[in-house]
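Q: So you can see what is in the structure, the chains are spelled out below.
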Amino acid sequence: MTRTISVDHLARVEGHGGITVVLEGNEVKKVDYNIFEGIRLFEGLVRGRAVEDVTQICSRICAICSHGHSITSLQALENALGITVTPQTRKLRDLAYQGANIESHSLHVFVLALPDLMGHPSAISLAAVAPDAVKLALRLKKLGNTVQEVLGGRAIHPVNYVIGGFGKVPTTDQLLSLKEQLKEGLEDCKRALDVLLTVPIPDFVNEPIRCAALAPEDEAFFFGNTIEILDGTTRKRIPVSDYRTFTNEHLVAHSHAKRSLFEGRSYMVGALARLTLNGDRIQGLARQVMEALKLKFPCANIVMNNIAQVVELVYSVEHALDLIQELFEAGYAAETPVPYEVKACAGAAATEVPRGTLFYSYEIDSKGLIAGADVITPTAQNFNNVEDQMRATVTQGLGAGASDDTIAQRLQIVARAYDPCISCSVHLVRV
Amino acid sequence: MKPKIGIFGLSGCWGEQIAILNCEDQLLDIIGAVDIVDFLGGSSVNDAESRLLVSFVEGSVANAREEAKIRQIRERSDLVVACGSCACFGGVSAMDAPFERPKVIETVYGSNGPIKSWDIGPHRPLSDFVKVDLAIPGCPMETTEFVRAVSALLNGDMPLMPTYPVCLECKMKENECLLVQRGLPCAGPVTMAGCDARCPSHNIACIGCRGPVEEANMASIEQIFGDKELPKEQIKLKLRVFAAPVLDRTEERG
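Protein chains in written order, with this note's numbering: chain G, 1 to 431; chain U, 432 to 685.
These are computed hints drawn from the structure, not numbers from a lab.
Hints are supplied without guarantee of correctness; some may be wrong.
[Claimed, not checked] In silico SDA-like cross-links for lysine to any residue, where the CA-CA straight-line distance does not exceed 20 Å:
#	chain 1	residue 1	chain 2	residue 2
1	G	K168	U	R613
2	U	K500	G	G18
3	U	K433	G	L126
4	G	K168	U	Q612
5	U	K534	G	D374
6	G	K296	G	N206
7	G	K367	U	P662
8	G	K168	U	A636
9	G	K168	U	E600
10	G	K135	U	A464
11	G	K135	U	D466
12	U	K604	G	G167
13	G	K135	U	V465
14	U	K659	G	G232
15	U	K667	G	E52
16	G	K367	U	L661
[Claimed, not checked] Okay, the calculated beta carbon distance ranges per label pair:
#	chain 1	residue 1	chain 2	residue 2	range
17	U	A499	G	P200	32 to 42 Å
18	G	E329	U	R496	31 to 41 Å
19	U	L585	G	V129	18 to 28 Å
[Claimed, not checked] Some but not every residue of chain G turned toward chain U, in silico, with C-beta under 7 Å:
#	residue
20	L41
21	L138
22	K142
23	D203
Don't be surprised by glycine CBs; every beta carbon is placed ideally from N, CA and C.
With the sequences and hints as input, model every part of the structure.
A: Laid out in structure tokens, this is it:
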């Protein structure tokens, strides 16, 4: 007999999506992660627009990843135009990424995911019983936003990032003030650990996760020119300029977002993937948090992505403090953007944004207008992997005698564990 | 009993829901003053039936599902507040494309396959479908304007929205004029204020994300941009990123 387990509209995720599982007895016939967000066509809309206008438009693909979209877009344009930014700009952009990571991870872990783990429908109801935990989360979230605001001129859809650098670099006073706030943030990270040590992490699914992330070339963990994918114990490497041989996008009927497969199989990008590949870089308090919360690799419990985000949140606070120190040591000064001349050219770039690897590429014509654009977001790459993990969740749940309602609950926890950003995902394609 | 409110997202980038969550210093006070009973973005238990004092709605209407949703929100709400430029004007997804829309869709998704079965309309502002009681523009809306609106609405009042352009705020900050002194295509003169001139304060020309100010003289700004040797079609594209559907209607009315 055929029956269906479905979640019509996922709550506590960015964007509009649902889940449909079709079963025959205990056999899983179909797992669909349905994406019905209105399609937004960015890559089509930016064609014919000037290089200097396109980044502010692409920022609007996603609010929560807007700093990542902006900077990745700029790096693709800079690679195409053949300009190199100054070491100071590179560090300031890295600092902006730490702000984005602090904000995004504290929002997801504490506001969107923690209610699941503590048996609440929302952070609002959680605030009634655990006000200190919610206040702590809001303070950390605000810290991330302050960093983004200082660097980007606005927390959502930054205005200050341009080809070659910044409209206006932050003042020394602004950076000094950030430093003080980040130091307080470190104390909040310790308090956050105390809260999380009391929260049980569900382990209803045990399914190997195939991880991919950029290989960092220096201390900048979120930037790189090579994609690495871990297959068992083998690391396969692909240059970012060949990213299409990695992402291999295709369409499916039940989703307005495109899908990715590498060598015919799904893969995961995001905090857990980054730490699986490059976790040996994590030192200091972040390392202590990782050990205290028992995050070990390889990890076959996707729910632990929430914990990986906590570790990265702490890493980002520490790394931001280091970056400010390094900026001052190198003789921090006001700079104007590196100039450029338009020409017919093409270029690609990738960075690690909170949810994983984000790819951008542009073709530019001789008048400096966009002739082609391609954006591949982390969430879109993860969709196939989410379905694989959902299939395992259903099979393993039924095997252990779980009810359909319990399984529906677990499917939502799995979906949320990836911290999906559906708004981001609905427009990806080559033009 | 606390007044009941709802927070809804249609098609967009989630920017206004994030902006609401970004009111970190006021959030717990807001939760104390109102009962947020329907907020899919923040809660997995929602009351989709009861009467609401205010509904805050972000995003544009892009398909039949969203049209039905906004009509249903209107029916159960005393007040509907359009949050952000997508809800107010259609936003970036409704911006002018250098190519015809069917061509844009084909460019992104191809002409065959699943695309044929999808319901894909143009992105339109809420006011095309229902009465909107208050519009808070911005891409994203400013958190300060949201907090002020909540406070006013809970006290039976309407918040005052700026009726002057970004230029005025920019002058008050004593910024160098990007349009006149630097010759950059700055949309400050035709854009509604309220952002404290964020972009020009960073040496970046205003791109009009808050939509047109009352009685914006679009013909004049196009001419000024034209004097800066920008090609005509690029001027149109630059000025119509955030509010193309609304500007079209103003043009028709003359």
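Q: So, for every hint listed, does it hold in this structure?
A: Comparing the hints with the structure gives:
1. Distance hint between K168/G and R613/U is fulfilled; the C-alpha atoms sit about 15 Å from each other, no more than 20 Å.
2. Straight-line distance between C-alpha atoms of K500/U and G18/G comes to about 16 Å, which keeps the hinted pair within the 20 Å bound.
3. Using a Cα cut-off of 20 Å, the hinted pair K433/U and L126/G holds, with the two alpha carbons roughly 18 Å apart.
4. At roughly 17 Å between alpha-carbon atoms, K168/G and Q612/U fall within 20 Å of each other, so this suggested pair holds.
5. As the CA atoms of K534/U and D374/G are separated by approximately 16 Å, the hinted pair is consistent with the 20 Å bound.
6. Simply put, K296/G and N206/G have alpha-carbon atoms about 14 Å apart, close enough for the 20 Å limit, and the pair holds.
7. Of the supplied pair hints, the one linking K367/G and P662/U holds, its CA atoms being roughly 11 Å apart against a limit of 20 Å.
8. As the CA atoms of K168/G and A636/U are separated by approximately 12 Å, the hinted pair is consistent with the 20 Å bound.
9. Proximity of K168/G to E600/U is assessed by CA-CA distance (about 18 Å); at most 20 Å being required, the pair is judged to hold.
10. As the CA atoms of K135/G and A464/U are separated by approximately 17 Å, the hinted pair is consistent with the 20 Å bound.
11. Pair hint K135/G plus D466/U holds up; C-alpha atoms about 19 Å apart against a cutoff of 20 Å.
12. This hinted pair checks out: K604/U and G167/G have alpha carbons roughly 17 Å apart, not beyond 20 Å.
13. Distance restraint check for K135/G and V465/U: the Cα-Cα separation of roughly 18 Å lies within the 20 Å cut-off, and the hinted pair is therefore satisfied.
14. For the proposed pair K659/U and G232/G, the alpha carbon gap of about 59 Å is over 20 Å, so the pair is violated.
15. A C-alpha spacing of about 15 Å is found between K667/U and E52/G, which places the hinted pair at or below 20 Å, so the restraint holds.
16. A C-alpha spacing of about 12 Å is found between K367/G and L661/U, which places the hinted pair at or below 20 Å, so the restraint holds.
17. Here the CB-CB span from A499/U to P200/G is close to 40 Å, well matched to the stated 32 to 42 Å.
18. Hint check: E329/G to R496/U, Cβ distance near 55 Å, so the stated range 31 to 41 Å is violated.
19. The supplied range of 18 to 28 Å is met by L585/U and V129/G, whose beta-carbon atoms lie about 25 Å from each other.
20. Given the 7 Å rule on beta carbons, the hint for L41/G holds: about 5 Å separates it from the nearest Cβ of chain U.
21. Restraint check, L138/G versus chain U: the minimum CB separation of about 4 Å is within 7 Å; hint holds.
22. Annotation: K142/G was flagged as interfacial toward chain U, and the flag holds, the nearest CB pair being 4 Å apart, inside 7 Å.
23. Against a cut-off of 7 Å between C-beta atoms, the interface hint on D203/G is violated, since the closest Cβ of chain U lies about 21 Å away.
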